[in-house]
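Below, each chain spelled out in residue letters.
There are 2 protein chains.
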Amino acid sequence: MKIVSALTRIVAGAGVIVALAGLPPAEAQDNAAARAAREWRLSHEWQIIDEYYGFLRIPNVSRDLPNVRRNADYLLKMMEKRGIKSRLLEVSGAPPAVYGEILTPGATHTYVFYSHYDGQPLDPKEWATPPFEPVLRSARLDKGGQLVPFPAQGQRFDPDWRIYARSASDAKAAIFSMLTAVDALNAAGMKPRANIKFIFEGEEELESPNLGRILNANKELLKGDLWFICDGPEHPSGNQTINFGARGIQKMEVTVYGAKRQLHSGHYGNWAPNPALMLAQLLASMKDADGRVLVENFYDGVVALSDLEKKAIAATPDDDAALMQEMGLARTDGGGRKLGELINLPSLNIRGMASARIGEQAANVIPAAATAAIDLRLVKGVTNKGQVARVIEHIRKQGYFVVATEPDDKTRLAHPRIAKVVVSADGYNAVRTPMDLPVAQNVIATVSTVRRPVVLNPTSGGSSPWDMITDELGTNIISISTVNYDNNQHSSNENLRLQNLWNGLETHAALIMME
Amino acid sequence: MKIVSALTRIVAGAGVIVALAGLPPAEAQDNAAARAAREWRLSHEWQIIDEYYGFLRIPNVSRDLPNVRRNADYLLKMMEKRGIKSRLLEVSGAPPAVYGEILTPGATHTYVFYSHYDGQPLDPKEWATPPFEPVLRSARLDKGGQLVPFPAQGQRFDPDWRIYARSASDAKAAIFSMLTAVDALNAAGMKPRANIKFIFEGEEELESPNLGRILNANKELLKGDLWFICDGPEHPSGNQTINFGARGIQKMEVTVYGAKRQLHSGHYGNWAPNPALMLAQLLASMKDADGRVLVENFYDGVVALSDLEKKAIAATPDDDAALMQEMGLARTDGGGRKLGELINLPSLNIRGMASARIGEQAANVIPAAATAAIDLRLVKGVTNKGQVARVIEHIRKQGYFVVATEPDDKTRLAHPRIAKVVVSADGYNAVRTPMDLPVAQNVIATVSTVRRPVVLNPTSGGSSPWDMITDELGTNIISISTVNYDNNQHSSNENLRLQNLWNGLETHAALIMME
Chain R
1 MKIVSALTRI
11 VAGAGVIVAL
21 AGLPPAEAQD
31 NAAARAAREW
41 RLSHEWQIID
51 EYYGFLRIPN
61 VSRDLPNVRR
71 NADYLLKMME
81 KRGIKSRLLE
91 VSGAPPAVYG
101 EILTPGATHT
111 YVFYSHYDGQ
121 PLDPKEWATP
131 PFEPVLRSAR
141 LDKGGQLVPF
151 PAQGQRFDPD
161 WRIYARSASD
171 AKAAIFSMLT
181 AVDALNAAGM
191 KPRANIKFIF
201 EGEEELESPN
211 LGRILNANKE
221 LLKGDLWFIC
231 DGPEHPSGNQ
241 TINFGARGIQ
251 KMEVTVYGAK
261 RQLHSGHYGN
271 WAPNPALMLA
281 QLLASMKDAD
291 GRVLVENFYD
301 GVVALSDLEK
311 KAIAATPDDD
321 AALMQEMGLA
331 RTDGGGRKLG
341 ELINLPSLNI
351 RGMASARIGE
361 QAANVIPAAA
371 TAAIDLRLVK
381 GVTNKGQVAR
391 VIEHIRKQGY
401 FVVATEPDDK
411 TRLAHPRIAK
421 VVVSADGYNA
431 VRTPMDLPVA
441 QNVIATVSTV
451 RRPVVLNPTS
461 GGSSPWDMIT
471 DELGTNIISI
481 STVNYDNNQH
491 SSNENLRLQN
501 LWNGLETHAA
511 LIMME
Chain Y
1 MKIVSALTRI
11 VAGAGVIVAL
21 AGLPPAEAQD
31 NAAARAAREW
41 RLSHEWQIID
51 EYYGFLRIPN
61 VSRDLPNVRR
71 NADYLLKMME
81 KRGIKSRLLE
91 VSGAPPAVYG
101 EILTPGATHT
111 YVFYSHYDGQ
121 PLDPKEWATP
131 PFEPVLRSAR
141 LDKGGQLVPF
151 PAQGQRFDPD
161 WRIYARSASD
171 AKAAIFSMLT
181 AVDALNAAGM
191 KPRANIKFIF
201 EGEEELESPN
211 LGRILNANKE
221 LLKGDLWFIC
231 DGPEHPSGNQ
241 TINFGARGIQ
251 KMEVTVYGAK
261 RQLHSGHYGN
271 WAPNPALMLA
281 QLLASMKDAD
291 GRVLVENFYD
301 GVVALSDLEK
311 KAIAATPDDD
321 AALMQEMGLA
331 RTDGGGRKLG
341 ELINLPSLNI
351 RGMASARIGE
361 QAANVIPAAA
371 TAAIDLRLVK
381 GVTNKGQVAR
391 VIEHIRKQGY
401 FVVATEPDDK
411 TRLAHPRIAK
421 VVVSADGYNA
431 VRTPMDLPVA
441 QNVIATVSTV
451 RRPVVLNPTS
461 GGSSPWDMIT
471 DELGTNIISI
481 STVNYDNNQH
491 SSNENLRLQN
501 LWNGLETHAA
511 LIMME
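Line order of the protein sequences matches chains R and Y. According to this note's numbering, the first sequence is numbered sequentially starting from 1. According to this note's numbering, the second sequence is numbered sequentially starting from 1.
Okay, chain R solo, but in the shape it has when bound (with noise of 0.2 Å):
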């Protein structure tokens, strides 16, 4: 608590980010646990990686369900062997939860760490060594990085070197150093303050089907102050990253209908309604040449960024300038506002889009149908039902008879102009923690003395149904992100950078000791 104390004293000055900012930058071992963790590391690297080889060799792909529950056993057997007291949750038709908890006497708070072990699925062809036999390399594939002989026992791993498996990074890395970090604390005699709980998900690759059913069946056991989500990339600046929230993602597929079959463009043509322009039309509407959404509301109620969340995307080393040079555009949208800040706005983008077709295949028709995809993005504040409903009322304002299936021949002889809207059943909502809260203090306060400086994203770009935790629960969520932003998750030649690997056990053992 005296940590959070000195916290919340800088807070109050200059905002939390300059204050850290203002501290001595990397490797500040200022924490008991991370300094075991580290020594505990320097003398166990080869056993180490020894017994990461052991679970990246499991296949884990979501679907392949006998080997998934190969790695829920595997991880099992891991956690009995450091006295973590442990089980399957298990739900009809799913692959098992694995369960463990360190339990303190008198303890007052409860911390929650997830994670996933289940992996993307994968093309052996595209890797360059086999997915499932895991390989040092000298450094990144793509920047020339060279077959590392796994080194004698006792002899030093290069921090830089990386190891090539599929989940290396994603996600078995965190449950990983969490499992590390227990070992680490074990031999250092130092015991949790809190009641620490594990759940390591079966599915989280396919979109945790079945997570809800799981929470909803064990909620009593699940609760905590806090869910500690264990998993994604830190920032590309290398810092250590804390995401207080994640966006909320709804797709939606929007088809607008020309004549019943494609037509000779030429003996139709400027006479039959082209759905391609439509579609453009429709489009077009809905946002404005600088990327704002003009569909009606669409911005309404969204929970404004707090002072401290303003702060600290102020303070995130972002570079748009050189986002841009690399990705070779000379303009962006959002009216000159920095990433940062717009991805704490809803978003409405098309995917894809298609209509008859181009190039060498492209025919002199006019085509039967047009179709966009779009995700539309969400943030604090607005809803996956609210913001596809806004959507809908403004194709319908544009003058389109709305279906969500193929009209049939009377309902295209009645209507001039038709859209068949197709909602996917598997959006949901977004979720952001305050930073004020004085659980997220006590957060930052103890990430921040592991490993300076410290980016605070208020809400991760991408989306995470954390929603569904917190609905469920009413649990807060902070997400800790630990492995290299460069390690193709869900690609070919995935990869964890052994640094990344180190950086995380620390930050574990320091969080699985935080009071």
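Treat the hints with care, as some may be off.
Derived lysine-lysine pairs resembling PhoX-like cross-links, with alpha carbons at most 25 Å apart [unchecked claim]:
{"hint": "1", "chain 1": "R", "residue 1": "Lys260", "chain 2": "Y", "residue 2": "Lys143"}
{"hint": "2", "chain 1": "R", "residue 1": "Lys260", "chain 2": "Y", "residue 2": "Lys338"}
{"hint": "3", "chain 1": "Y", "residue 1": "Lys410", "chain 2": "R", "residue 2": "Lys143"}
{"hint": "4", "chain 1": "R", "residue 1": "Lys410", "chain 2": "Y", "residue 2": "Lys338"}
{"hint": "5", "chain 1": "Y", "residue 1": "Lys397", "chain 2": "Y", "residue 2": "Lys251"}
{"hint": "6", "chain 1": "R", "residue 1": "Lys338", "chain 2": "Y", "residue 2": "Lys260"}
Simulated DEER-style distance windows between Cβ atoms [unchecked claim]:
{"hint": "7", "chain 1": "Y", "residue 1": "Asp408", "chain 2": "R", "residue 2": "Ser424", "range": "34 to 40 Å"}
{"hint": "8", "chain 1": "R", "residue 1": "Pro130", "chain 2": "Y", "residue 2": "Glu126", "range": "39 to 45 Å"}
{"hint": "9", "chain 1": "R", "residue 1": "Asp300", "chain 2": "Y", "residue 2": "Ala304", "range": "49 to 55 Å"}
For the record, the hints were derived by calculation from the structure and aren't laboratory data. Glycine included, C-beta positions come from ideal geometry on N, C-alpha and C.
Place chain Y on chain R using the hints.
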């Protein structure tokens, strides 16, 4: 010339079509040549179809040069048999054009009959019977038409039977009915009053890449008072159709750019410009909600329809309401104007549009580029180059830097909006022969003595590179379309209704005998 004078008087009255419509409708055999053709045909149906089968059995896909040449040789023999002086017109690297002539001492007019003997590519698997093994069916295949055994000599052919074979309609039918007409005229001892020339091209289905060279190398030989383009289907009403013009066409493709690679829509949405939206906005700026083109000057220079042409359109038995019903359209573009009128305006049609992916393949990305494939249809008075320049100028006015090739990094970083415009090399202009030219009146009068009512079409909706002929030879063009509209040309199961062959025979006989 008597007929022409009679017609001219009619035209001066209530309008050509109305006046023609007042005459008895069908099969009006007021033409000696047509009568001779019918009499000869009625006693030679077996021989005619048998000979046509021989022609249809020679494969003629344009790129199959050895077989295409076999068709040319076969045509030479057919012409020789009929006393038509014939030879091949050769240019290097192209199939020959087959030329034939019936010169008439003292003739003051020369009429050139054009058609083509090559056929569209095909996939035999999509055909009910092999495409180069002609068969008879009792009716349209998709309306239950059954195979009919080839009749014994002397038995009658039901005029509703159809011949199924590649090019049965497009365009061997026209060539074959012209040469059969010569048979009939020879049998009746009738000799043309004008010089008659035939030219049958061998690569029309490749868009006549060498016709210009053939024309240029044989200018004097191929000049005439009029070229008859003997190709294409009659009006769906089943009335004999005369087209006085064809639209030109110019294809172009417009691509606009976002970042150099697809971006995560969560991490960069609201900030990185979305090219699908940019394209939608650009396309939306080109046309209004009623389909009128907003590109500046787009309609400038369009040669207005003459009164005669307007009356012809008004008299054409188009039924827009029935078309709308069949196509499932509750609305048309063009502010309520009829299809027949709108065809005579230039058009800008989006023939395809694409950006990233839709449906199951869609990902949560900001696309890297978006492309629209466009065809511009051209009418008399606007040029392909001129229309392209107008569209490019419009794109510039929307703030785009226009390039012809993929932009490099330097270009991307220098210009906030970049549009790549790729203009097809094979565009060509419209042709429209005035209906009140004496030679046009002569044709109308001649055809209307054979079969009434006649559809007089100022401009066909589709495009044909007739400007190549008018530019090279300075010759007027009128197109005579005789085959059934539902012939599946360019597709599988192409067919020809026998009555259309018989009608074409009579019409061609009358035109060969035209004064």
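Hints, one by one, checked against the model:
Distance restraint check for Lys260/R and Lys143/Y: the Cα-Cα separation of roughly 20 Å lies within the 25 Å cut-off, and the hinted pair is therefore satisfied. Under the criterion of a C-alpha separation no larger than 25 Å, the hint pairing Lys260/R with Lys338/Y is consistent with the structure, at around 20 Å. This hinted pair checks out: Lys410/Y and Lys143/R have alpha carbons roughly 24 Å apart, not beyond 25 Å. With a CA separation close to 23 Å, the supplied pair Lys410/R and Lys338/Y stays within the 25 Å bound.
Between Lys397/Y and Lys251/Y the CA atoms are separated by roughly 21 Å; this keeps the pair inside 25 Å, and the hint holds. Restraint check for Lys338/R and Lys260/Y: the C-alpha separation of about 20 Å stays at or below 25 Å, so the hint holds. Between Asp408/Y and Ser424/R the CB atoms are about 38 Å apart, so this pair conforms to the stated range of 34 to 40 Å. In this structure, Pro130/R and Glu126/Y meet the distance hint of 39 to 45 Å, their C-beta atoms being roughly 44 Å apart.
One distance hint, 49 to 55 Å for the beta-carbon pair Asp300/R and Ala304/Y, holds here, with the actual separation near 52 Å.
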